[in-house]
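Can you build the whole structure from these sequences, using the hints too?
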Amino acid sequence: MTIQPFLSDTLVQYRRVKSLVEDAVTQVNDDAFFRDSGADTNSIAIIIKHMAGNMRSRWTDFLTTDGEKPDRDRDSEFELRPGDTRTAIMGAWDAGWETVFAAFETITDDHLDATVLIRGEAHTVPEAILRQLRHYAYHAGQVVLLAKIAVGPSWETLSIARGQSEVFNEAMRRGSERHG
Numbered sequence: 000m001t002i003q004p005f006l007s008d009t010l011v012q013y014r015r016v017k018s019l020v021e022d023a024v025t026q027v028n029d030d031a032f033f034r035d036s037g038a039d040t041n042s043i044a045i046i047i048k049h050m051a052g053n054m055r056s057r058w059t060d061f062l063t064t065d066g067e068k069p070d071r072d073r074d075s076e077f078e079l080r081p082g083d084t085r086t087a088i089m090g091a092w093d094a095g096w097e098t099v100f101a102a103f104e105t106i107t108d109d110h111l112d113a114t115v116l117i118r119g120e121a122h123t124v125p126e127a128i129l130r131q132l133r134h135y136a137y138h139a140g141q142v143v144l145l146a147k148i149a150v151g152p153s154w155e156t157l158s159i160a161r162g163q164s165e166v167f168n169e170a171m172r173r174g175s176e177r178h179g
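Position one of the sequence shown corresponds to residue 0 (numbering that gives the first Met the number 0), numbered consecutively onward.
In short, the hints are calculated from the structure, not lab data. Here a beta-carbon is modelled for each residue, glycine too, at the ideal position from N, C-alpha and C. A portion of the hints provided could be inaccurate.
Simulated restraints, written as ranges between beta carbons of each label pair [claimed, not checked]:
hint : residue 1 : residue 2 : range
1    : D30       : L62       : 40 to 46 Å
2    : D72       : F167      : 21 to 27 Å
3    : A101      : D8        : 16 to 22 Å
4    : S158      : T107      : 20 to 26 Å
5    : N168      : R15       : 17 to 23 Å
6    : T86       : Q3        : 20 to 26 Å
7    : R15       : G174      : 24 to 30 Å
8    : M171      : D74       : 41 to 47 Å
9    : D70       : E120      : 16 to 22 Å
10   : A101      : R133      : 16 to 22 Å
11   : D83       : R133      : 36 to 42 Å
12   : M171      : D8        : 15 to 21 Å
Set out below in structure tokens:
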């Protein structure tokens, strides 16, 4: 058995999650990016900062060290600090994704049954990959919702617009007929 088809398919999903967040973030101004909706909620900036910290921790030395690195200060990911500008946060986001994609390049068929630790809990490599995909998709949905609320009626949908499902499906059928 080979892990490569799984990696290829999963990498497509990771890239889609990344694009979803970035497409949402481009629609919000700085005020909306940093807006805190109230007690026990996170701004778009905080969610992205947390995701970037998670990526750095989980994917650095993915196959050889525990995914919860000793130098990670997870709690600080949920606080805005001096220097946490939009540019800095998005820079950490980009660096986090570079770490994810670089880790994917190191995975081979020999790692299919390897054990990866996250906070001391053992996972197979595919389990660890799917765990992180689920985590990032969860937060991507939060970012999209916060961005959509902030932008309001001028929001440009990142999916199929309401009332447009049949039009979309027909376009997909026509496209598959041309390529079939």
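These are the hints, each one checked on the structure:
1. At roughly 41 Å, the beta-carbon separation of D30 and L62 lies within the given 40 to 46 Å, and the hint holds.
2. The hint said 21 to 27 Å for the Cβ distance between D72 and F167, and at roughly 44 Å that hint is violated.
3. A101 and D8 have their C-beta atoms about 19 Å apart, which keeps the hinted 16 to 22 Å range intact.
4. The hint said 20 to 26 Å for the Cβ distance between S158 and T107, and at roughly 35 Å that hint is violated.
5. For N168 and R15, the hinted distance range of 17 to 23 Å is satisfied, since their beta carbons lie about 19 Å from each other.
6. The beta-carbon spacing between T86 and Q3, approximately 36 Å, falls outside the hinted interval of 20 to 26 Å.
7. Remark: the range hint 24 to 30 Å for R15 to G174 is contradicted by a beta-carbon distance near 18 Å.
8. Between M171 and D74 the beta carbon distance is about 45 Å. The supplied range of 41 to 47 Å therefore holds.
9. Hint check: D70 to E120, Cβ distance near 19 Å, so the stated range 16 to 22 Å holds.
10. Look at A101 against R133: about 21 Å separates their beta carbons, and that is inside 16 to 22 Å.
11. For the pair D83 and R133, the supplied restraint of 36 to 42 Å is violated, since their beta-carbon distance comes to about 26 Å.
12. Between M171 and D8 the C-beta distance comes to about 19 Å, which sits within the given range of 15 to 21 Å.
Checked against the numbered hints above, the structure breaks hints 2, 4, 6, 7 and 11 and satisfies the rest.
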